[in-house]
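Undergrad: Chains as they are written, first to last, in the numbering used here: chain A, 1 to 461; chain B, 1 to 461.
The set of hints was computed from the structure by calculation and includes no laboratory data. Small disclaimer: the values here were computed from a predicted structure and weren't measured. Incorrect hints may have been included.
[As the list claims (entries may be wrong)] A short, non-exhaustive set of chain B residues, derived as facing chain A with CB atoms under 8 angstroms:
| # | residue |
| --- | --- |
| 1 | 233 |
| 2 | 237 |
| 3 | 441 |
[To be verified] Some chain A residues flagged as far from chain B (calculated, every beta-carbon gap over 10 angstroms):
| # | residue |
| --- | --- |
| 4 | 39 |
| 5 | 165 |
| 6 | 202 |
| 7 | 260 |
| 8 | 311 |
| 9 | 347 |
| 10 | 369 |
| 11 | 373 |
| 12 | 389 |
| 13 | 401 |
| 14 | 419 |
| 15 | 421 |
| 16 | 430 |
| 17 | 440 |
Cβ coordinates follow ideal geometry from the N, Cα and C atoms, glycine included.
There are 2 protein chains.
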Amino acid sequence: MKSFFSIIIFLLGIVNPVFLNGQDFKQELVIKSIYKNALGSRKAYNDLRYLCKNTKGRISGSPQAAEAVEFTYQLMKQMNLDSVWLQPVMVKNWKRGKNEKASIHSSIMGIIEVPVLSLGGSVGTGEKGITAGIVEVKSFEELEALGKKKIKNKIVFFNKAMDPTLSSTFKAYSKTAFQRTRGAAEAAKYGAVAVVVRSLTIVNSDFPHTGIMFYEEGIPEIPAVVISTNGANLLNNWLKKDPGLQFYFENHCELWPEVLSYNVIGEIRGRERPDEIITIGGHLDSWDNSEGAHDDGGGCMQSIDVLRIFNELDIEPKRTVRAVMFMDEEYAQRGGQKYAEEAARKNEKHYFALESDAGVLTPRGFGFSLADEKRLQNLLSLNVYFKPYKTNLFKEGGWGVDIYPLRHICPILIGYIPDDSRYFNYHHSANDTFEKINHREMQMGTAAIASLVYLIDYFDF
Amino acid sequence: MKSFFSIIIFLLGIVNPVFLNGQDFKQELVIKSIYKNALGSRKAYNDLRYLCKNTKGRISGSPQAAEAVEFTYQLMKQMNLDSVWLQPVMVKNWKRGKNEKASIHSSIMGIIEVPVLSLGGSVGTGEKGITAGIVEVKSFEELEALGKKKIKNKIVFFNKAMDPTLSSTFKAYSKTAFQRTRGAAEAAKYGAVAVVVRSLTIVNSDFPHTGIMFYEEGIPEIPAVVISTNGANLLNNWLKKDPGLQFYFENHCELWPEVLSYNVIGEIRGRERPDEIITIGGHLDSWDNSEGAHDDGGGCMQSIDVLRIFNELDIEPKRTVRAVMFMDEEYAQRGGQKYAEEAARKNEKHYFALESDAGVLTPRGFGFSLADEKRLQNLLSLNVYFKPYKTNLFKEGGWGVDIYPLRHICPILIGYIPDDSRYFNYHHSANDTFEKINHREMQMGTAAIASLVYLIDYFDF
Numbered sequence: 001m002k003s004f005f006s007i008i009i010f011l012l013g014i015v016n017p018v019f020l021n022g023q024d025f026k027q028e029l030v031i032k033s034i035y036k037n038a039l040g041s042r043k044a045y046n047d048l049r050y051l052c053k054n055t056k057g058r059i060s061g062s063p064q065a066a067e068a069v070e071f072t073y074q075l076m077k078q079m080n081l082d083s084v085w086l087q088p089v090m091v092k093n094w095k096r097g098k099n100e101k102a103s104i105h106s107s108i109m110g111i112i113e114v115p116v117l118s119l120g121g122s123v124g125t126g127e128k129g130i131t132a133g134i135v136e137v138k139s140f141e142e143l144e145a146l147g148k149k150k151i152k153n154k155i156v157f158f159n160k161a162m163d164p165t166l167s168s169t170f171k172a173y174s175k176t177a178f179q180r181t182r183g184a185a186e187a188a189k190y191g192a193v194a195v196v197v198r199s200l201t202i203v204n205s206d207f208p209h210t211g212i213m214f215y216e217e218g219i220p221e222i223p224a225v226v227i228s229t230n231g232a233n234l235l236n237n238w239l240k241k242d243p244g245l246q247f248y249f250e251n252h253c254e255l256w257p258e259v260l261s262y263n264v265i266g267e268i269r270g271r272e273r274p275d276e277i278i279t280i281g282g283h284l285d286s287w288d289n290s291e292g293a294h295d296d297g298g299g300c301m302q303s304i305d306v307l308r309i310f311n312e313l314d315i316e317p318k319r320t321v322r323a324v325m326f327m328d329e330e331y332a333q334r335g336g337q338k339y340a341e342e343a344a345r346k347n348e349k350h351y352f353a354l355e356s357d358a359g360v361l362t363p364r365g366f367g368f369s370l371a372d373e374k375r376l377q378n379l380l381s382l383n384v385y386f387k388p389y390k391t392n393l394f395k396e397g398g399w400g401v402d403i404y405p406l407r408h409i410c411p412i413l414i415g416y417i418p419d420d421s422r423y424f425n426y427h428h429s430a431n432d433t434f435e436k437i438n439h440r441e442m443q444m445g446t447a448a449i450a451s452l453v454y455l456i457d458y459f460d461f
Numbered sequence: 001m002k003s004f005f006s007i008i009i010f011l012l013g014i015v016n017p018v019f020l021n022g023q024d025f026k027q028e029l030v031i032k033s034i035y036k037n038a039l040g041s042r043k044a045y046n047d048l049r050y051l052c053k054n055t056k057g058r059i060s061g062s063p064q065a066a067e068a069v070e071f072t073y074q075l076m077k078q079m080n081l082d083s084v085w086l087q088p089v090m091v092k093n094w095k096r097g098k099n100e101k102a103s104i105h106s107s108i109m110g111i112i113e114v115p116v117l118s119l120g121g122s123v124g125t126g127e128k129g130i131t132a133g134i135v136e137v138k139s140f141e142e143l144e145a146l147g148k149k150k151i152k153n154k155i156v157f158f159n160k161a162m163d164p165t166l167s168s169t170f171k172a173y174s175k176t177a178f179q180r181t182r183g184a185a186e187a188a189k190y191g192a193v194a195v196v197v198r199s200l201t202i203v204n205s206d207f208p209h210t211g212i213m214f215y216e217e218g219i220p221e222i223p224a225v226v227i228s229t230n231g232a233n234l235l236n237n238w239l240k241k242d243p244g245l246q247f248y249f250e251n252h253c254e255l256w257p258e259v260l261s262y263n264v265i266g267e268i269r270g271r272e273r274p275d276e277i278i279t280i281g282g283h284l285d286s287w288d289n290s291e292g293a294h295d296d297g298g299g300c301m302q303s304i305d306v307l308r309i310f311n312e313l314d315i316e317p318k319r320t321v322r323a324v325m326f327m328d329e330e331y332a333q334r335g336g337q338k339y340a341e342e343a344a345r346k347n348e349k350h351y352f353a354l355e356s357d358a359g360v361l362t363p364r365g366f367g368f369s370l371a372d373e374k375r376l377q378n379l380l381s382l383n384v385y386f387k388p389y390k391t392n393l394f395k396e397g398g399w400g401v402d403i404y405p406l407r408h409i410c411p412i413l414i415g416y417i418p419d420d421s422r423y424f425n426y427h428h429s430a431n432d433t434f435e436k437i438n439h440r441e442m443q444m445g446t447a448a449i450a451s452l453v454y455l456i457d458y459f460d461f
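With the rest of the complex left out, here is chain A:
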């Protein structure tokens, strides 16, 4: 029969003297009860279904975003928390408009429609749309080499594909995002009239994947759309056979006046140190073409569910734990900025902040950003508690777009890391639906986040 001591070692997986005392066994049991509760509950999953199906397309400034604010506010109001409030924030109000469409016109192959979608922030083409010849490039260097002579009055087609052979899909994404974010501004420098950008996804599909783009001061603002990967492959193919083909598209985006919106915040007041704040959150807005299930309704519902689990298991944290639904991550990050501004203005004392905004796929671990090396090592060593749940990839470096502005007053930023294999199949597209959520994957993540919050608060790092 195993001794008590060897059971602890077994549970911890790795012998780490810091944790070898009677308390740790208690922590193991608390974590076990958190996992049991999270996996046994369908509350967050069902709430996510409601959010996806009833506030679809909740981009900042939209009526759907306002509905999402109301829904999550009421959700937390019913949870017996210590306080729930709305934090006002003015947000941008970009609207896609109707009737986006595109087609390829070739005197050799004929005419074919292709799926496109305006990039977030794009201007519109006007009623008549744009028809022009098209020049395909894969980099800004190619653009420069072609020069004004070849680019002027043309549509530039950025067709650099995400590299499926990289071990990280996020790395593949970051290596191709330049064409989406800065393609229009660069192309306009050479006189292009518009840009069409290949969707940032690894799979061949008919879904265009949108995302934010930026114009540059003093450079003409030209319309920018993404095209589905299947559409991009077809266009690439037709261009080989007919380099003189014409591309037509129209879009009708407009930037409306800013509107008032809100971060939605709920908290459990700390038992010992109520003035020290732990923030966990996700962003409530999504792109206007999407249910925003993985990006990031899932992260929001996980954050709220951590508070539910604490309440149901009578876990009374020493510090105040807040679930924050940030508004406007996708467009201008006003919610995250506002939250940090208010925290600074009120001289709030922030202990750590954690964001879940990489999908609610099967968990891998957490990434930590902090300056203090010893503290970092202590945090990384907590991964022994997560080995039984295969969520023990703890690494240096991690945050979230919404908690990043907090970095000056919050010493520890943490990013939740789920598996990345499938994320970009959904990201910023109409394919990011509730049906792509697996209850178990989501709740294994919720349990991991709740357990980490519990442990860091408990150990007083």
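Fit chain B to the given chain A structure using the hints.
TA: The following block gives chain B in isolation, referenced to the frame of chain A:
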């Protein structure tokens, strides 16, 4: 700038003196090239689509199984391997028959059809089917407590659900499999006329999940079907309102005479020690109601793809590497037994054997079964190479049903471990289709298997 030495340490992740020499950097590069090749290739994925769509329901003895043998044989024949052959094996030939159906008949609630499926090995009810009262239990203890008086001439309904709150779905499965494998024999001891068993899956769905069952010598053989989890919940609910309801089902299974089938084997001959054999494989058969995408067409195609990768990258293993498509894992494991028998008869020298039969979901790592503790520790320490690919869960204990019979002549058995969150949504059901396969998840696994085979062969453990 980082020194060469620190780059090696960085790549290895953990400082392990065993691996700190110039060669290791080379190994890192080989592994990187394996991942690049695997992720960049759609060959195995496309072959799996063919297998799923054209040999669906390939249970041992079926024409579809014969087609799967022919398909994989031709596949490997076209691959420029050193040899490809069929290993004859006589297999059982159980056939479900047509027109399986079931319904609940309640004088209070009415009549409703529910989805059922015979368990593998079940006898049939005969033309008229069986109609009887039904007794619900969750354990053999309950069965015993009820006794002959309450069970005789009844249908026993085993309704123990898989526990979704356990951290491992395989553990949840193993805790409920008794009712499927032995339920009929136990119920028959008390005079039951048939059994209906709750499907072994965590989700609520309309798919019945079949699987093997066993009769006992000297105990009457009574028909056994599984019911979908939605059906089981409905039956449970109706029984509460009308304990006297009648259950009707008919099935028409028959055990036909054994037929000749084959394991399909392809090999690359070893460069230095051709007489030492490394076996990697999966099972070619599937349940007759299923495309067998995750179970286990995926494992088969991964194994063949390892040989393709070795060939394309000019990796010449020291030892002979065999990809084996085992026949008849689901019914009587004849293929695995035959392979081990032939290996023993020919005095083959087996170095290690690895099986992929837990789905081709996102990779976690490998499990190792071997007696030599030092050798085990060396194998476990190889996980440093897999950290960049998040496939570094290396643990003691692992095998596969088909390689298990080899254990007497093969010192190392290895089981591939993918993520288990979604596996039982598909397992043994018509829901296990090619559409549930994600190319990247499958090929991250293929790369991990190829890399492990390469490393173990290279290091001469």
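Undergrad: Could you run down the list of hints and mark each one as holding or not?
TA: Now for the hints, and whether the structure bears them out:
{"no.": "1", "hint": "233", "in the structure": "14 angstroms, violated"}
{"no.": "2", "hint": "237", "in the structure": "18 angstroms, violated"}
{"no.": "3", "hint": "441", "in the structure": "5 angstroms, holds"}
{"no.": "4", "hint": "39", "in the structure": "4 angstroms, violated"}
{"no.": "5", "hint": "165", "in the structure": "4 angstroms, violated"}
{"no.": "6", "hint": "202", "in the structure": "7 angstroms, violated"}
{"no.": "7", "hint": "260", "in the structure": "40 angstroms, holds"}
{"no.": "8", "hint": "311", "in the structure": "18 angstroms, holds"}
{"no.": "9", "hint": "347", "in the structure": "40 angstroms, holds"}
{"no.": "10", "hint": "369", "in the structure": "19 angstroms, holds"}
{"no.": "11", "hint": "373", "in the structure": "17 angstroms, holds"}
{"no.": "12", "hint": "389", "in the structure": "5 angstroms, violated"}
{"no.": "13", "hint": "401", "in the structure": "23 angstroms, holds"}
{"no.": "14", "hint": "419", "in the structure": "5 angstroms, violated"}
{"no.": "15", "hint": "421", "in the structure": "5 angstroms, violated"}
{"no.": "16", "hint": "430", "in the structure": "18 angstroms, holds"}
{"no.": "17", "hint": "440", "in the structure": "5 angstroms, violated"}
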